[in-house]
Amino acid sequence: GDSVTQMEGPVTLSEEAFLTINCTYTATGYPSLFWYVQYPGEGLQLLLKATKADDKGSNKGFEATYRKETTSFHLEKGSVQVSDSAVYFCALSNQGGNQFYFGTGTSLTVIP
Amino acid sequence: DAGITQSPRHKVTETGTPVTLRCHQTENHRYMYWYRQDPGHGLRLIHYSYGVKDTDKGEVSDGYSVSRSKTEDFLLTLESATSSQTSVYFCAISGGEASTQETQYFGPGTRLLVL
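Protein sequence lines, in the order shown, are assigned to chains P and G.
Take the first sequence: its letters are residues -4 to 107, numbered as in the numbering used here.
Take the second sequence: its letters are residues 382 to 496, numbered as in the numbering used here.
Possibly wrong hints are sitting among the right ones.
[What the hints assert, rightly or not] Dumping the calculated EDC-like pairs for lysine to aspartate or glutamate here, alpha-carbon to alpha-carbon at most 20 Å:
id, chain 1, residue 1, chain 2, residue 2
1, G, Lys438, P, Glu37
2, G, Lys438, G, Glu460
3, G, Lys392, P, Glu37
These are calculated hints, taken from the structure and not from any lab test.
Nothing here was measured: the structure is a model prediction, and the numbers come from that model.
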């Protein structure tokens, strides 16, 4: 069945460091891919998405490119800030959008 | 932000008591979902609904039931709460405008503690 695998955390970075959080997926057909962010005590918020191969989603300095050949959707940011400290979830949507699969989440802490 | 509210936001209850959590949306989205979030497990789907009175089980449905009598409301009931159901519960919706139809939007969560 469909599934998402993302890198284990926690990840700790210094402010202004480069961030990569790996995400790979297994799916039939042509899923849409998402990154969600969860700040402490809050629900998940959509960070970015891509709906077809080679699409790049971007938001708030974060980027991820839908790579069908490697079945990946890695999240990157060139210079992280303390305010980026949160848990990041990779997810995919299939079958017209009513089936969703989430990774287990990667906790990021950015220290000044 | 999508208009999704959950109530209550926090609840403490005792083992063996029934508990009902409510999710309310003002977006007229077709699909509604209940997830639980636990350390080390990420999000796990409990039940979902694809329309009024149309529901289906998710990955971890044992001990839970749901009802959807109106488009805007999706209720999750723990029939007899157990300590293993202590968790944070999130409601989500999807199926709105075509451009965002396959995107899920989440409520703020309900923290449930079963003693």
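Tested hints:
| no. | hint | result |
| --- | --- | --- |
| 1 | G:Lys438 with P:Glu37 | violated, 25 Å |
| 2 | G:Lys438 with G:Glu460 | holds, 15 Å |
| 3 | G:Lys392 with P:Glu37 | holds, 16 Å |
In terms of the numbered hints stated before, the structure departs from hint 1 and from no other.
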